[in-house]
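Participant: If you read the protein sequences in the order shown, they are chains A and B.
0 is the number of the first residue of the first sequence in numbering that gives the first Met the number 0; add one for each residue after it.
0 is the number of the first residue of the second sequence in numbering that gives the first Met the number 0; add one for each residue after it.
I should point out that these hints are in silico values taken from the structure, not numbers from a laboratory.
There's no promise every hint is true.
[To be verified] Computed spacing ranges between beta-carbons, pair by pair:
id, chain 1, residue 1, chain 2, residue 2, range
1, B, 332, A, 26, 38 to 48 Å
2, A, 95, B, 252, 48 to 58 Å
3, A, 102, B, 140, 54 to 64 Å
4, B, 53, A, 49, 40 to 50 Å
5, B, 133, A, 44, 18 to 28 Å
6, A, 25, B, 19, 24 to 34 Å
[Said to hold, decoys possible] Subject to a maximum C-alpha distance of 35 Å in a straight line, what follows is the list of computed DSBU-like cross-link-like pairs (lysine-lysine):
id, chain 1, residue 1, chain 2, residue 2
7, B, 399, A, 23
8, A, 126, B, 20
9, A, 49, B, 402
10, A, 32, B, 399
11, B, 20, A, 23
12, A, 23, B, 316
13, B, 317, A, 23
14, A, 23, A, 110
15, A, 110, B, 399
16, A, 110, B, 408
The C-beta atom is built at its ideal place from N, Cα and C for all residues, glycine as well.
Listed below are the residues making up each chain.
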Amino acid sequence: MASIQDIEAEIIEEFELFDDWMQKYEYIIDLGKELAVLDEQYKTEDNLVKGCQSRVWLTSQNTNGSIEFLADSDALITKGIVSLLVRVLSNQAPQAIVDAPLNFIETIGLKAHLSPNRANGLVSMIKKMKAYALANL
Amino acid sequence: MADTQINIEQIRSDFEILNQKVNGHQLVYFDNAASTQKPKVVSAAIADFYNNEYSNIHRGVHHFSELGTEKFEAVRGQVKHFLNAKYLEEIIFTSGTTASINLVADCFARDVLQKGDQVVISHLEHHSNIVPWQMACEKSGAELKVIGMTSSGELDYSDFEKLLNDKVKIIAINHVSNALGTINDIEKIISQAKALNIPVLIDGAQAVAHLKVDIQALGADFYCFSAHKLFGPTGVGVLYGKKEWLERLNPYMGGGDMINEVRFEKTTYNDLPHKFEAGTPNIAGVIGFGKALEYVSQISIENIKQAEAHLLDYATKKLSEIGDLEIKGVSDKKAAVISFVVNGLHPYDIGTLLNQYGIAVRTGHHCTQPIMEYFNISGTVRASFSFYNTTQEIDFFVEKLQKVIQMLK
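Chain B with its partners taken away, still in its complex shape (with noise of 0.2 Å):
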């Protein structure tokens, strides 16, 4: 396939970053699943906001409190058409997915969790869908239950049904594996959980930037998601949730913004989706994400899909040639990002040495412990692709892998 739907010279000038020089070579950055680059129109933006429109804002009368309470709420509208919610108030926004998921695990802590309840999380997650999880169990006396994986680095379906039962009151899933790229089959997950009436949580976090996430037809309870890995800012996250349960659970935090009326002897909440949302929120953050957003529809997630397509067959050839290496997370069904080892070596050294040549990749467990622990290594290298990258820089980290292979060997 040839990047025919994308201009790539075009796209790669939107990202200043990407002509930087590292070590003396030209940046090539596949780092993307820990956080995409951003366009210049995202920090031009947020500059602007800062510069010439800056206030606070939410119940200012003032001009720039107006406008830019009108820009924020804006960008809440691109969210929910982003995802295809049905309602405005569904959109939460936090600092970050990580926020998100303890939000609700904390509100199910404290509102439906009871003692030998059960929660399903799988053995995919990343640390921040298993640890808030853990809290809310140790919380509220439910047991933590655990989806096995496949030596493939899938979901293990049989296992997942064998978990399902009536004390289930809630699975988070994500919907792809930051570590190993694994597009989890949410819709099969939640349409089970649907015929027992549990709610499903899904973290989107991998997922946003490389496919197409229709919340309604999908029937996710709650979804979550980080704008830094959507070639947004960072500080900035994504809670959606079903009107029904964010109606139902009480607020998480209590603060400004999130009040209705404020007496010592009771206070009143205010309506969704402010009632989530205390405290003065990342305003410029917003603004700039709204600019990720208009950028991401420009280009279009299918054009993106594709492009990223290419680049993941052509790096898994590539890498596949290159004796002792072995990829961890070979499922038909992957993000662009492709985690290996190679034999007897250590990712940590690997990825030093790469640097030194301006390459960008992550090295370690990935906040996935119990992945590596599956796998018996310590750790992985992992090479994430974003649609700005090209088969000429995938041509030059392969070769230059090879060498540091040789040099470590």
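In isolation and in its complexed conformation, chain A is listed as follows (with noise of 0.2 Å):
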């Protein structure tokens, strides 16, 4: 299995190919549209990220040590983010999530997403997937 910063180091490789912003929005929007459907029973009150202005839920699964981790939105763009940091953080140990820098957001021109206004919450679903990690420590 790829380390974080092996994936982390791929994503930046793909950015890089973009030579606009549409580009990356572009394909943000497809990796929202591919993400795997997340099952209605995982859409609760418990698994959403508080956030104001698209929903996002966020649930795991612990096998053998290695956390994967499940996410949906109602935003495609807010989706398509949720999926990267679901390709970085799955299947890896707790340790190596919860220690996770995450340096890629800002290397790849996402770093607007991380400000307080966003209230797609990247910030919250980042917090909540280490939270995750750190419970089956």
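Please dock the two separately framed chains into a single complex, following the hints provided.
Facilitator: This is the structure in structure tokens:
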């Protein structure tokens, strides 16, 4: 299994191919569309990431010490972004998830989504994922 | 209609921010219902006050305290004139519409409302005209009643009539809906309320920048608005209250400026309007607000109204041509606000991509969750115009919106 750093590097490389923001967003939108559908049973209040504009659901499964994340959102861009997080952090050991600096977000130019004004709650998504990992240490 | 009364180039040059580039594009600012931009004269007046004339006001005997007091109180006079209020002491400065509503709601909870009484609001209110009343009802044991709305985004006036009875102790209603732009028939509401001697509070936050308010003709008991939605600074608001009411209600906050004499045994309160203005006010903000009012009166609300009506018509027509787009709030009496949804697309996605073109719109529930619930949607995209916007900006917005929709489909 590739390490978190390897997957981040892979994503950074993919994003380097884009000349402008539009290609980048088109890619994120496509990632959102491709994200595996989250079963309705997981769309619970408990799995909802607090944020006011788009709704994001996040859940996880622990299989023999490696954590798999499942996510969904009603907004496509948010869904695309959460799919990147799922790709980076899924099937990793809890400690690696807790320690992940996730620098790729800034490198691929999505830093604006980390600002407190962004109601998509990227920060909350990361917190929630790390909290799952922490609980499984 | 041509923009004949307004020299648009001149006006746009008064608002420096309109020349800014965002993400490589000229800013298109369509978030005026959230807050309007400020003409240069406003920031200049604030800077000048802080740099050259600053001092605390009221009771200082020195030069700048007197000068500041004079300037601050002159703005009260301007507001009185702006609203056509009868008395100067009916104008209370607050920090904004929310503070004004909370002041009245809290005073009513303490001085007026009793168990079994009723407070009437509407389904079209901003959270700021819902929550303070819920809190007042919790404190006093009064009951909150809500006037329904219709699918066109208007108040259900027959529902309103049904809610009228002698248990109702206050009606709090917005003049213009922030989420949909509907101009409510507050004249009708006030006159029916008057017949039963029920006081009416009007949340005028979304109205004052778009239409002329004559408070004596209206007969509202309270009227609240914010300076920042009227080309003035943030942190300044107005509470107009009828003198009889302001005299009857006890102070909201205690502190400096609102007292007459302080003794440990008993403190006596200052006269109106200072009775409701505890603490050092936003002096610079109020002085800046005075400049904004001056600016508005030079252009005239009538001209602003005409220019905005033109923009609203133009944008409504253009947006209606886009398939799958549905405008929420289609009253024939609207301020320059267009709230819309595009079938299957999340407003957040649309707003995020429009921002890449330098277009500022608002997305979400606009602090009106009950309206969104009524329409069974999570939110809308809201474009709100001001007189400094142009039809060229609307063309650009519509063109890019179509592109964005294509990207998201």
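Participant: Each of the hints needs a verdict: does it hold here or not?
Facilitator: Evaluated hints:
Checked against the given bound of 38 to 48 Å, the beta carbons of residue 332 (chain B) and residue 26 (chain A), roughly 45 Å apart, stay inside it. Checked against the hint of 48 to 58 Å, the pair residue 95 (chain A) and residue 252 (chain B) passes, with Cβ atoms roughly 53 Å apart. In this structure the supplied range 54 to 64 Å holds for residue 102 (chain A) paired with residue 140 (chain B), their Cβ-Cβ distance being about 56 Å. Range check, residue 53 (chain B) to residue 49 (chain A): Cβ separation about 42 Å, and the 40 to 50 Å hint holds.
Separated by about 22 Å at the C-beta atoms, residue 133 (chain B) and residue 44 (chain A) satisfy the suggested range of 18 to 28 Å. Hint check: residue 25 (chain A) to residue 19 (chain B), Cβ distance near 26 Å, so the stated range 24 to 34 Å holds. Distance hint between residue 399 (chain B) and residue 23 (chain A) is fulfilled; the C-alpha atoms sit about 17 Å from each other, no more than 35 Å. For the suggested pair residue 126 (chain A) and residue 20 (chain B), the alpha carbons sit about 34 Å apart, so the restraint of at most 35 Å is met.
A C-alpha spacing of about 30 Å is found between residue 49 (chain A) and residue 402 (chain B), which places the hinted pair at or below 35 Å, so the restraint holds. The suggested pairing of residue 32 (chain A) with residue 399 (chain B) holds, with an alpha-carbon distance near 22 Å, which does not exceed 35 Å. A hinted pair counts as satisfied when its Cα atoms are at most 35 Å apart, and residue 20 (chain B) with residue 23 (chain A) qualifies at roughly 21 Å. Between the alpha carbons of residue 23 (chain A) and residue 316 (chain B) the distance comes to roughly 32 Å, so the proposed pair stays at or under 35 Å and holds.
A distance of roughly 29 Å separates the Cα atoms of residue 317 (chain B) and residue 23 (chain A); the hinted pair therefore holds under the 35 Å criterion. Annotation: proposed proximity of residue 23 (chain A) to residue 110 (chain A) holds, straight-line Cα distance about 13 Å (limit 35 Å). With a CA separation close to 23 Å, the supplied pair residue 110 (chain A) and residue 399 (chain B) stays within the 35 Å bound. Taking the CA atoms of residue 110 (chain A) and residue 408 (chain B), the gap is about 25 Å. The hint holds against a cut of 35 Å.
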